[in-house]
Every structure is written in structure tokens, then in C-alpha cells.
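2 protein chains.
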Amino acid sequence: MTPNPHADAVPLVEIHRGPFLESLHHGHAVICDASGAITEAWGDPEAVILPRSSIKMIQALPLLTSGAGAELDSRRLALVCASHQGAAIHTDLANDWLASMGLGEADLRCGPQWPDDRDAQAELITSGEKPCQVHNNCSGKHCGFLMLNQHLGGDAEYVRPDHPVQRAVLAAYEEVTGETSPGYGIDGCSAPNFAASLKGVARAMAWFASAGQRSDTMSRAATRLVAAMHQHPDLVAGEGRACTELMRAMDGVVIKTGADGVFTAILPQQGLGVALKIADGATRASEAMMAQLLIRLGVLAADHPAALRRVNHVIQSRRGIEAGLIKTVEGV
Amino acid sequence: MTPNPHADAVPLVEIHRGPFLESLHHGHAVICDASGAITEAWGDPEAVILPRSSIKMIQALPLLTSGAGAELDSRRLALVCASHQGAAIHTDLANDWLASMGLGEADLRCGPQWPDDRDAQAELITSGEKPCQVHNNCSGKHCGFLMLNQHLGGDAEYVRPDHPVQRAVLAAYEEVTGETSPGYGIDGCSAPNFAASLKGVARAMAWFASAGQRSDTMSRAATRLVAAMHQHPDLVAGEGRACTELMRAMDGVVIKTGADGVFTAILPQQGLGVALKIADGATRASEAMMAQLLIRLGVLAADHPAALRRVNHVIQSRRGIEAGLIKTVEGV
Chain A
1 MTPNPHADAV PLVEIHRGPF LESLHHGHAV ICDASGAITE AWGDPEAVIL PRSSIKMIQA
61 LPLLTSGAGA ELDSRRLALV CASHQGAAIH TDLANDWLAS MGLGEADLRC GPQWPDDRDA
121 QAELITSGEK PCQVHNNCSG KHCGFLMLNQ HLGGDAEYVR PDHPVQRAVL AAYEEVTGET
181 SPGYGIDGCS APNFAASLKG VARAMAWFAS AGQRSDTMSR AATRLVAAMH QHPDLVAGEG
241 RACTELMRAM DGVVIKTGAD GVFTAILPQQ GLGVALKIAD GATRASEAMM AQLLIRLGVL
301 AADHPAALRR VNHVIQSRRG IEAGLIKTVE GV
Chain B
1 MTPNPHADAV PLVEIHRGPF LESLHHGHAV ICDASGAITE AWGDPEAVIL PRSSIKMIQA
61 LPLLTSGAGA ELDSRRLALV CASHQGAAIH TDLANDWLAS MGLGEADLRC GPQWPDDRDA
121 QAELITSGEK PCQVHNNCSG KHCGFLMLNQ HLGGDAEYVR PDHPVQRAVL AAYEEVTGET
181 SPGYGIDGCS APNFAASLKG VARAMAWFAS AGQRSDTMSR AATRLVAAMH QHPDLVAGEG
241 RACTELMRAM DGVVIKTGAD GVFTAILPQQ GLGVALKIAD GATRASEAMM AQLLIRLGVL
301 AADHPAALRR VNHVIQSRRG IEAGLIKTVE GV
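Residue numbers (our numbering), protein chains in the order written: chain A, 1 to 332; chain B, 1 to 332.
In short, the hints are calculated from the structure, not lab data. Just so you know, even glycine gets a beta-carbon here, dropped at the ideal spot from N, CA and C. Accuracy of the hints is not assured; some may be wrong.
What the hints assert, rightly or not - Covered by chain A, per the in silico footprint, the following chain B stretches (three or more residues, Cβ under 8 Å): (1) 19-31; (2) 103-113; (3) 121-132; (4) 310-324.
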């Protein structure tokens, strides 16, 4: 077992209710510039994390650098980088893509998942159907894996850690984080999720942020992916979700959430990359901290409704009575 | 603003994924005996918490000690102490009770809430209806408030902190915790939720655990409430929920979850009370820690499926691949 990566986590997000500090979230956050240098950090930049879905744009790189996805439009590229909520706009896109490859739902290896989208839930319930693998929030990423796999000629079990698809992902991951990954965990979608230091993930995001200034194959792939995510915030997550709402509230900034309290950001105009991990894994805290960092970096208005749903957020009772506040600690 | 009650929280619950410690939950836990003495503690027993729904059996005491609820059967008493998931067994019971008082849904002040029960969700979706206040997980508690209010003759706004109903709740709360409450927060159901030290809450649970040995009015009320919760674990929460599953797995032990990482337990045979608070508010951690403490106290089998869904729990991918483990830290 690895040592405790959260020993040096610091208080980041406070949950207040009435006059009481009800709950407190610790974590780590790192901001890197295009040179890979840390410009600001909270907690331990060396903390080793599983970045989960926050690095889907990295997992998508081999799809483009291999040439397999050369003809993909921006909608499919956005879906490759998505943790979507299984709404029709997401599942229709995934189904069309599978069909265009001569494949179907059964070729996916991500497993079935109930969609978070209320309309999609209602449709399943009223039709008496069960959710399928296309509803899985990672189905776009897996469509990308399947397309890459057709190009590489690997066997059907493309989520196996030693499969050519995942070897290609690891090579790209190690290149952009600048680290040798110390290992992997199996993600909720059954694909390996490679570990890195938080600093390494932030460095990778800064590399994405500055990709437009470079002309190598990998940087051009990164530029296409960032543009696609920016162009289709609704495909990257869905209505009401932090990634979608906050990207719409900003100009050109791309952000991506990951399970268990991870969040990343790519700021092309500033050439900055951000990565944060809430030590306890809470999404409410990763969203609050990311929103505050985006405000701090001058790319998100503190009074934008999408920001106020995440940080300096007034908690209400179910009758709308003001009950508490979610905020970051002083100084962030 | 009050000082940080979580400064001395200690690591309690670990989330492992592959070889990595992915996330870590800190918190506090206290076990008290019938004399009110602490027998074991982790973290800071003096930590001031908002106990949320974990003390609904305390909020129910005035309903019985006043005589208002003298004729209530055990099913309604269990519902008063419940955080239910809005299944038909819960909402039918609440609706019947409201009707028997000559009242209706509009008299509740808990606010509407989407039920967690999948069948209830399906029914609302297929009928095109919205959830109402009866679906609120606290609607049983509020039925009890309404019945007490009819007895006390207070005005309709029974959730006001200075309303006779809430004054009666506070008096009972301070008596059984042995503390003067330092204040309150507004709960999700709009009722005031009075603060106490974790030690005070554990002491109150030990008082409930030993109530059967005493014959005063308040202890007799406590005995009825504990018996009702024990008799109807399905009404206290619902199918699949920790309180329901774990109470069914034990003999006579009553447990109750609360929002933002609180959990309490009443062990009548041992005369012990337990209270715990996860500092970051995570339910997955409060459930794991409570299950482990119940195993430690010899009332829950470590290999019972209901236990293994909470602690030493194998995290699986959506295709059923073993991905990680939820466990408590060594020594708990």
C-alpha cells in the first residue's frame, strides 16, 4: 500500500450552517505555468492522486496522434473528453458513432449506468427499460478507445491495462505529466486510471493550455481537444452540471471534473494549468475550490450565477429558507 | 462564527483504489455508558456538531411526554424518528396520519423533496406529478410536530425556533444531552437543529439505551421510541438504506443517520450510546465508521452482507471488476 498522500492536505472548503462550521474539506491544489513551474499551491503538490475523469483529454490524445480520429468532428471530440449525464444529446451521439464504426453497445466495456439526466431517467422508467453501456458517463471516451483500437488492431478487451490502447494512453500521460506513473487503479468504467502527482497533472493542463503555440503532432491534437470542449460545454457534462455551467460562464477556459474530488482547468489565454484534489473526495468541495480558483485567476466573475451555485453558495432549506454557506477558506 | 470544531479530527475511514489511498476521511466518535461517562473516543469528544437527523428520537420526546402522542402506534412512532426515502409505505402512513388529525400536506412546513425510492420516483414521473411535502424524508417528524402543536395550541408556523413546539424540543434536548445548546442551524426540513458536543449526543444515546431501567415519564417515552424504531427498521429509512439494513442485521440495536456525516447508535443490552461525525460530512464514511463500531462492540457480524456493504466494502467498476476498498483505519 502506498503512503498517505493526504497527510499534508490543508483546509480548503468550509460548510457553514447557522453560526456553526458544520463540515470542513481539506485538499491540495496546484497552478502551473506553461514552463511547468508551480505558480501557486495549497497543500502538497507532490501528493500522488488518481485523477479519474479529470484527465479524459489526455486519454484522448492517442486517438488523434495515431491518426485514427483525424476526421472526427468537434462534437465527437467533446464527447470523448466528457463525463456526460446520459441525456439524449449524449447517447444519440454515442450511438451514431458506434454505428458509423460498424459497432454496437455490446462492444463497449464501460458497463451500464443509470443516467443522471432526469428526462433520460423518465424515458427508461416509462419504457420499462434498463440503462445500458451507452448511458455510462464515460461512453464517449470508450467510443474513442474503440476507434483507436480499430486503428491499432488490438483485441476486443481494450480496457485491459496492457492492451495497446491503454499502453498508448499511458505513454501520452507520462509524456504530458512529465512523470513515470507509479501505477494505476481501475476506474468506475473499468479502464485503468494512471496515478500521477498533483503537480504532474497541473503541468499537463498547462501543456494543454499552451498547445496552441506549438506545432508538433501532440500539441495539435491537444489544441483540437481543448477547442472541442470549449465549443460544446453541453456535451462535456450536461445541463446543471458544474463543467457545463462554468465553461459557459467563461471565455475559452476548459475545465473537467473527476470522481472523488478531482478537478482540472486549462486556461489557454493565461497559459496556465490547474489541478486540485479534495482529500476526502467530495464533489461539493472540488467544485467550490475550482470556482474560487477561477475567480482568483480572473476568468470567472464571482457574482455569476454559475459561480454562486458552487462557491459563496447559500444553502437553503427545502422551503427556501437560508440555512448556510459553502465557501473557501480565507486567502484562496 | 464559532471556532473550528474539526481541528482535532483524526483519520477514520480510508478509500483505497488499486494500490493507492485515494481518499481519506477524518472525524470524531464517542461511546458513552449509561452513567454518561466516555468509554472510548476518537478525535475530539468536545467537538460541537449539528446532529441533523441523527437525533430525531430526541425531537420526538415531547410528543410523548406531553401526552399528545399517548395513543400513537409503533408504526407512527417509527416514522416520527425516520429519515425515510418517500416510498409508499412511508407516504401512505404520513398521509393517513395527517388525515386523522384533520390536516393535510399544506399544513406541513418541511418543503417538497424528490423521493429516493425508485418506485416512488417512477410513479411521479409517469404521472407527471411533482413531489410534495409528504415525500420529504422528515415528513414523519413533522407529523409529530403537528400533533404536538395541536396539543400545545401553537400557531401554524411550528418550525420557528421560538415556537412552543421547538421550545419543547430544545428543553428535551438539553435535558438528555446534559448541556446548554450553544445555538442552532436550520435543517434541510426548515426546523431548527440544535447544536451539542459529540459527547453530549453520545450521552443522550446512552440515556436512551438505559431508559428501560427507569420509570420516569421521559424514560418511558424513550423506551417506546426505541422499541418502535427497532420494530420497524423499514419505516426508519427504507430498502437498501444503512439504518434499515444494519438494524435488521442486529438484535435490538437502534441506529440513526444524519446529514453531513453524523450517525448515532443506541445499544440497550449494553447500556451504551454512540455518536460520530465525519468532519467532511461524507455519508460513505459515517456508514463505514458506524458499521465498524457496531462490529467492535460485538453487536454486528463483520461478515454480514449489510456490514460488508459499508465497511471492508469492495468497490467495483460498473462491469463488476474489483477496483478498491472502503475500510476504517487500523485500530478502530
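Hints versus structure:
1. Coverage of a stretch by a chain is defined here by at least three residues with a beta carbon nearer than 8 Å to that chain's beta carbons; for the segment 19-31 of chain B and chain A the count is 8, and the condition holds.
2. Counting residues of the segment 103-113 of chain B whose CB lies closer than 8 Å to any CB of chain A gives 5, so the stated coverage by that chain holds, three being the minimum.
3. For a cut-off of 8 Å, the count of residues in the segment 121-132 of chain B with a CB near a CB of chain A stands at 4, and the three-residue condition holds.
4. Requiring three or more residues with a Cβ within less than 8 Å of a Cβ of chain A, the coverage given for the segment 310-324 of chain B holds, as 8 such residues are present.
This entry satisfies every hint, going by the numbered hints stated previously.
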